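Chemist: Hey, can you work out the whole structure from these sequences and the hints?
Residue numbers (the working numbering), protein chains in the order written: chain Z, 59 to 344; chain A, 4 to 264.
Just so you know, the hints here were simulated from the structure itself, not pulled from any lab data.
Among these hints, one or two may not hold up.
If you want the footprint, here are the derived chain A segments under chain Z, 3+ residues with CB under 8 Å [unchecked claim]: (1) 64 to 71; (2) 87 to 97; (3) 171 to 185.
Quantities reported herein were computed from a predicted structural model and do not represent experimental measurements.
The C-beta atom is built at its ideal place from N, Cα and C for all residues, glycine as well.
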Amino acid sequence: MSLADQAPVTLPTVDIEEQQRARREKINRIAKWTLPSLVLVLSVLGWHLYVTLAEVPHYILPGPVLVAQKMAEDRALLWPAMLITARLTLLALAMAVVGGVVLAVAFTQSKWAEMSFFPYAVILQVTPVIAIAPLLQIYVESAFVAALLCAWIVAFFPILSNTTIGLKSADHNLSDLFTIYGATRWQRLRYLAAPSALPFFLGGLKIAGGLALIGAVVAEFVIGRAGTGLGLASTLLEASYRFNFGRLYAALILISLMGVVIFAVMSLISHLALRKWHESAIKRER
Amino acid sequence: MPAARLPLSQRPALLNMTHVEKAFGGSVVALKDMSLTVNEGDFVSLLGPSGCGKSTVLRLISGLLHTTSGTISWAGGQGTDDLGVVFQEPTLMPWATAAQNVWLPFRLRGQSFASAEAEIADALRLVGLDHFHDAYPRALSGGMKMRVAIARAMVTKPRLILMDEPFAALDEITRFKLNDDLLELKEKIGCTVIFVTHSVFESVFLSDRIMVMAARPGRVIHELTVPAPYPRDDVFRTSAEYAAHCRAASDALHDAMGEAA
Numbered sequence: 059m060s061l062a063d064q065a066p067v068t069l070p071t072v073d074i075e076e077q078q079r080a081r082r083e084k085i086n087r088i089a090k091w092t093l094p095s096l097v098l099v100l101s102v103l104g105w106h107l108y109v110t111l112a113e114v115p116h117y118i119l120p121g122p123v124l125v126a127q128k129m130a131e132d133r134a135l136l137w138p139a140m141l142i143t144a145r146l147t148l149l150a151l152a153m154a155v156v157g158g159v160v161l162a163v164a165f166t167q168s169k170w171a172e173m174s175f176f177p178y179a180v181i182l183q184v185t186p187v188i189a190i191a192p193l194l195q196i197y198v199e200s201a202f203v204a205a206l207l208c209a210w211i212v213a214f215f216p217i218l219s220n221t222t223i224g225l226k227s228a229d230h231n232l233s234d235l236f237t238i239y240g241a242t243r244w245q246r247l248r249y250l251a252a253p254s255a256l257p258f259f260l261g262g263l264k265i266a267g268g269l270a271l272i273g274a275v276v277a278e279f280v281i282g283r284a285g286t287g288l289g290l291a292s293t294l295l296e297a298s299y300r301f302n303f304g305r306l307y308a309a310l311i312l313i314s315l316m317g318v319v320i321f322a323v324m325s326l327i328s329h330l331a332l333r334k335w336h337e338s339a340i341k342r343e344r
Numbered sequence: 004m005p006a007a008r009l010p011l012s013q014r015p016a017l018l019n020m021t022h023v024e025k026a027f028g029g030s031v032v033a034l035k036d037m038s039l040t041v042n043e044g045d046f047v048s049l050l051g052p053s054g055c056g057k058s059t060v061l062r063l064i065s066g067l068l069h070t071t072s073g074t075i076s077w078a079g080g081q082g083t084d085d086l087g088v089v090f091q092e093p094t095l096m097p098w099a100t101a102a103q104n105v106w107l108p109f110r111l112r113g114q115s116f117a118s119a120e121a122e123i124a125d126a127l128r129l130v131g132l133d134h135f136h137d138a139y140p141r142a143l144s145g146g147m148k149m150r151v152a153i154a155r156a157m158v159t160k161p162r163l164i165l166m167d168e169p170f171a172a173l174d175e176i177t178r179f180k181l182n183d184d185l186l187e188l189k190e191k192i193g194c195t196v197i198f199v200t201h202s203v204f205e206s207v208f209l210s211d212r213i214m215v216m217a218a219r220p221g222r223v224i225h226e227l228t229v230p231a232p233y234p235r236d237d238v239f240r241t242s243a244e245y246a247a248h249c250r251a252a253s254d255a256l257h258d259a260m261g262e263a264a
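Modeler: Following this line, the structure appears as C-alpha cells:
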C-alpha cells in the first residue's frame with residue numbers, strides 16, 4: 059500500500075465487482091444499525107405480548123410499559139442513584155488506571171519487584187471479590203473507602219497485566235538501537251516502552267471499565283447504602299425486597315446502559331489514541 | 004579530499020578488531036581469531052553463509068556484545084554518536100512519522116526536533132523521501148521504510164554505519180534500486196560502511212573490500228578487493244569485470260562453505 063492509495067480516487071469507470079462491493083458495504087452499514095434495533099423492538103414487543111397475553115403478574119415479570127412508567131415516575135430517585143454509582147465506578151477506574159500503570163512500570167523497571175509482588179496481584183485478582191467485600195467492610199472504617207477498594211480490586215488487574223506485557227513488548231531491534239545511542243532508562247521508558255504499551259493498556263482499559271462497574275455493583279450489594287448512599291444497585295436490591303419489580307427492572311436497565319456508555323467511551327478513547335498508526339484502528343480497503 | 008577518494012592503502016584507519024574471539028554459553032564459539040581493519044571511506048562487506056558470525060561482528064562493534072578475548076579499538080576513541088545502524092528490518096517506531104523516526108538519534112541526545120530539523124530534512128531528501136516527512140511507517144512501502152531507516156542511521160553523520168542485511172527482505176527490483184541509491188548516498192556524504200550480506204552480487208556491486216567468512220567457528224578466510232571506481236552503475240553491473248569479481252567471490256564463498264562442512 060502506498061500513499062497514493064489514500065488519496066480520494068474518483069475513477070471514471072467502475073467495474074461490476076466494484077459496484078457490488080459498494081453495494082455490499084452500503085447494506086452492511088445500514089444493517090449494522092437496523093438489525094440490532096429490530097431485535098430490540100421485537101424483543102420488547104414479544105415481552106409485552108407475553109406479559110399481557112399470559113397475564114403474568116407484575117411481581118413476577120413486569121411488562122415493558124410498567125418499567126417505562128416506573129423509570130419516569132421514579133426519576134427523582136433513579137437519577138441521583140445513577141450519579142452515585144457512576145461516581146464510585148469512575149473513581150475506582152481512575153484509581154485502577156493509576157495503580158495498574160504505576161505497578162506495571164515498577165514491575166518492568168525492577169524484575170525483583172515483579173518477582174516479589176506479581177503473584178500477590180494475581181491472588182488478589184483470583185479471590186472472588188464478593189468474598190473479600192465483607193472483610194473490607196469490617197477492617198476499613200469508612201464504608202465509602204471499603205466500597206471503592208472493592209471496585210478497585212476488580213478493575214485494576216487487567217490494566218496491570220496488559221500494561222506489563224505492553225511495556226515488555228517493544229521491538230528488540232529498536233531496543234538495541236536505543237542501547238547503541240546510549241539512551242537513558244527514562245528515555246527508553248518514555249520513547250520506546252510507553253508507546254509500545256499504549257495499545258495493550260487501552261485494551262486493558264476497555265475491560266477495566268466494565269469491571270469497575272461490576273465491582274461498584276458488588277460493593278453496593280455487600281456494603282450497602284451505608285458507604286455510598288443509595289446507588290443503583292442498592293436501589294435494585296431494595297426494590298426487590300419490596301416486590302417493586304418495575305423499579306427493579308428500571309434500575310437494571312440503567313446499570314446496563316451505564317456499562318454500554320463506559321464501553322463506548324473507552325472504545326472512543328482507544329480509537330482516538332491509536333487511529334494514526336495502530337493496525338487495530340485502521341480501516342483496510344479490503 | 005574525502006577518504007573514500009583515496010586509494011585503499013592510503014586511507015586512515017578507523018576501526019581495528021584484533022584476534023577477537025566470542026563464545027556463547029562457554030561452549031559455542033561464534034567467532035575465533037577474527038581480525039578486521041576498517042579504514043575511513045571503506046565500504047566493507049562481510050560475506051558468508053548463515054551462522055558464520057557476521058551479525059556477531061556487528062553486535063560486537065556496536066557494543067551490544069562484549070568480546071571474550073581480543074580487542075576492538077577505534078582511532079581516536081569511541082563516543083556514542085560514532086555509529087549508525089541499519090537492521091534487516093526497517094525497525095521504525097510505528098507511532099512516529101518518518102521525520103520523527105529520523106529525529107530519534109538527536110532526540111536521545113536531548114536535542115529538540117526544531118534544532119535538528121535541517122539535518123532531518125537533509126537526510127530525508129538524500130534518501131529520496133522529501134515528500135514523506137509526515138507519513139507514518141504503515142503508509143510506506145518496504146523499500147521506503149528502509150530508506151527512512153538509512154536516513155536515521157546517517158542523519159548524525161556517524162563515523163561508521165553498520166548495515167545488517169538491510170535489503171535481504173526486499174524484492175530484487177527494489178534491492179537494485181536501493182543498492183544504486185546507497186552508493187550514490189555514500190558518494191555524497193563520504194561515509195564508512197560495514198555491510199553484512201549473503202549475496203555475492205550485492206557484495207561485489209557495493210564494496211571495495213569483501214571479507215569472506217566461514218562458519219563454526221566464525222572467521223575471515225578470504226579477503227577480496229573490488230578496485231572498480233565509484234560511482235558504479237548498471238554498466239558496471241553488466242560488465243565482464245563485475246562478472247569476474249562475482250566469480251572470485253563466489254569461489255571464495257564455496258571455499259568457506261566447504262570448510263564449514
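Chemist: Run every hint past the structure and note whether it holds.
Modeler: To see whether the hints hold, each was checked on the structure:
As drawn, the segment 64 to 71 of chain A meets chain Z at 3 residues by the rule of a beta-carbon pair under 8 Å; at three or more, the given contact holds. Counting residues of the segment 87 to 97 of chain A whose CB falls under 8 Å from any CB of chain Z gives 6; the rule of at least 3 is met. Coverage of a stretch by a chain is defined here by at least three residues with a beta carbon nearer than 8 Å to that chain's beta carbons; for the segment 171 to 185 of chain A and chain Z the count is 0, and the condition is violated.
When the structure is compared with the earlier hints, a violation turns up for hint 3 alone.
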